[in-house]
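Go ahead and model the full structure; you've got the sequences and the hints to work with.
Read top to bottom, the protein sequences are chains W and A.
For the first sequence, the positions run 1 to 342 when our numbering is used.
For the second sequence, the positions run 1001 to 1217 when our numbering is used.
Hints may contain errors.
Under the rule of at most 30 Å between Cα atoms (straight-line distance), these lysine-lysine pairs were calculated in the DSSO-like manner [said to hold, decoys possible]: (1) W:Lys-118 to A:Lys-1213; (2) W:Lys-319 to W:Lys-332; (3) A:Lys-1113 to W:Lys-8; (4) W:Lys-120 to W:Lys-188; (5) W:Lys-238 to W:Lys-8; (6) W:Lys-122 to A:Lys-1209; (7) W:Lys-75 to W:Lys-30; (8) A:Lys-1209 to W:Lys-118; (9) A:Lys-1109 to W:Lys-15; (10) W:Lys-76 to A:Lys-1113; (11) A:Lys-1213 to W:Lys-133; (12) W:Lys-120 to A:Lys-1113; (13) A:Lys-1213 to W:Lys-120; (14) W:Lys-122 to A:Lys-1213; (15) W:Lys-15 to A:Lys-1113; (16) W:Lys-118 to A:Lys-1113; (17) W:Lys-15 to A:Lys-1039; (18) W:Lys-114 to A:Lys-1213; (19) W:Lys-75 to A:Lys-1039; (20) A:Lys-1050 to W:Lys-75; (21) W:Lys-114 to A:Lys-1113; (22) A:Lys-1113 to W:Lys-75; (23) A:Lys-1109 to W:Lys-76; (24) W:Lys-188 to W:Lys-133; (25) W:Lys-160 to A:Lys-1113; (26) W:Lys-133 to A:Lys-1113; (27) A:Lys-1039 to W:Lys-76; (28) A:Lys-1209 to W:Lys-114; (29) A:Lys-1109 to W:Lys-75; (30) W:Lys-15 to A:Lys-1050; (31) A:Lys-1039 to W:Lys-8; (32) A:Lys-1209 to W:Lys-133.
It should be emphasised that the hints constitute simulated quantities derived from the structure, not laboratory data.
Fair warning: this is a prediction, and the values are worked out from it, not measured in the lab.
Here is how the chains run, residue by residue.
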Amino acid sequence: MIEINNLKKVYPGHKGPMIALQDVNLKIPKGKIFGIIGPSGAGKSTLIRTINMLERPTEGNIFIEGEDITQYNEKKLRVLRKQMGMIFQHFNLLTSRTVAENIAFPMEIAGVSKDNIKAKIKELLPLVGLEDKANTYVSNLSGGQKQRVGIARALANNPKILLCDEATSALDPQTTEAILRLLNDINKRFGLTIILITHEMHVIKEICDDVAFIDSSRIIESNSVTEVFTNPQSSIVKDFVHSVLNGDKQERLIEEGIIKVPKRGMLVRVSFVGQSAGEPLVSEVVRRYNVDANILFGNIDTIKETPFGTLIIELTGEKGNIEKAIEYIQSKNVGIEVLHSA
Amino acid sequence: MLDIYLQTTWETFYMVLVATGLATIVGIPLGVILIITEKEHIYPNAFINKMIGALVNIFRSIPFIILLVALLPFTKLLIGTRIGTEAAMVPLTVAAIPFLARVIETALKEIDKGIIEASRAMGASPWQIIRRVLLPEALPGILLGIIITFVSLIGYSAMAGAVGGGGLGDLAIREGYQRNHQDVTWIVVTILVVMVQVFQSFGDWTVRKIREKRGLI
Ligand SMILES: Nc1ncnc2c1ncn2[C@@H]1O[C@H](COP(=O)(O)OP(=O)(O)O)[C@@H](O)[C@H]1O
Ligand SMILES: [Mg+2]
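So, in structure tokens, the structure goes:
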């Protein structure tokens, strides 16, 4: 477990001090994939770089398994960093080395014996799907292949934590998919904690268990991904969720009159996690509160491996009953949002 | 007569080679120190950076011919004589060191900051980064710098000949100029031109091969 307490980072900029992080408090559970998302310049890279102390925080503490690493000296930090992997947006591989030699690099740094290095390379190459590229210089690889080398290199010393700074941001959508699947796979297989930085919500939706939203140097919301999708709090988080769930499309359907705004009653969006949790609930509400429910639009998606559904429903009936029905739905931990009320 | 050309060509080659070699031994560490002591590099130290930078600049701004004369007492002290091939190596080396330091600094500056960042993230020490990252990554640029130094010193060595430094320059001055044997001057110039061409081409070829192997071109 990683615990970040009251973290603050101030850069001495030439136009005066620049606050990159403030009041950052996070608990990152062991063995999970933890996403940190926010717009460009929010402080994401600064935050992830404090976790291996490439950037020393101005204030606050970071505990890894109970040890405050902000108190470590350089020598202790080097030992710590050998137990952490890191991958980057631009891969940062050594052009003077082949694929195998790049993977060997962190092991050489850690003083691993030649035989053990060889054995580890043999084990890692198939894991990342690069068996046939061992002796290729990295400049000859595609972006996706380069990131696979980056991942193999990051895993070489059997780290317990993997830090990913925009690891898929330089890749095309298909390659992004493949790399995300690989990261998910690694997380499951080795049980290692992955902390992943991105500005793309679909990356969060695809593989993260928990997510923290960062904006202008502050964490604005932190929760499990399913909770964030069904019950977003702040408007920025709502926008992020919206952007990845075809929310725009639904709104356009309403605007264009394809989904009719009811003359009486209410138009609501219900979002639910897990298999078929939505539809039984709707029929139950109809029975219990004597309202009519007309499903206008339905969509099933997945968050990580969990099904995630959205329904746009027209509720008609007595106003009091409708309100009770909405309260009931809320009490069932299903997200509900009133889109239109007559 | 052929003997004298062969011998002086060898002398020139020999003194330039030794001077370049010695300058490389000193210049690489200086170039490395200049780069790693920069702000936000692996060993920031403004004082060392400014001091070595200033020292390098001072020596680089002294014209070679003045350096040649100014160093004569030092050469005498070091080698025991002011004339001859060995003596000429001293000013050549001293002139080449600051030049090489800057050339190597430039080659090291080309390295992507992200690579250094990644090495730090893997727990590499500054020394490991220098030896396993900076120098291998900058190898083509460093080799090019050494070749440029070598080729420049061929020209400088002719000047050293003016103060009895031996080699082709010495021959051109004594035979060509002082005894007015213009043909000797022309042959010496031709040999120098060929030497420069050969070494520069060899250097370019080697560097191109390395870059090709690494998939950089
Ligand atoms: N080394 C630095 N010196 C000064 N300012 C910096 C430095 N690194 C980042 N910043 C500033 O801190 C803010 C956050 O940067 P960063 O963490 O890179 O954001 P993100 O990764 O979310 O895009 C930005 O405004 C950036 O300009
Ligand atoms: Mg960033």
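| query | Tell me, which hint numbers fail for this structure? | reply | none
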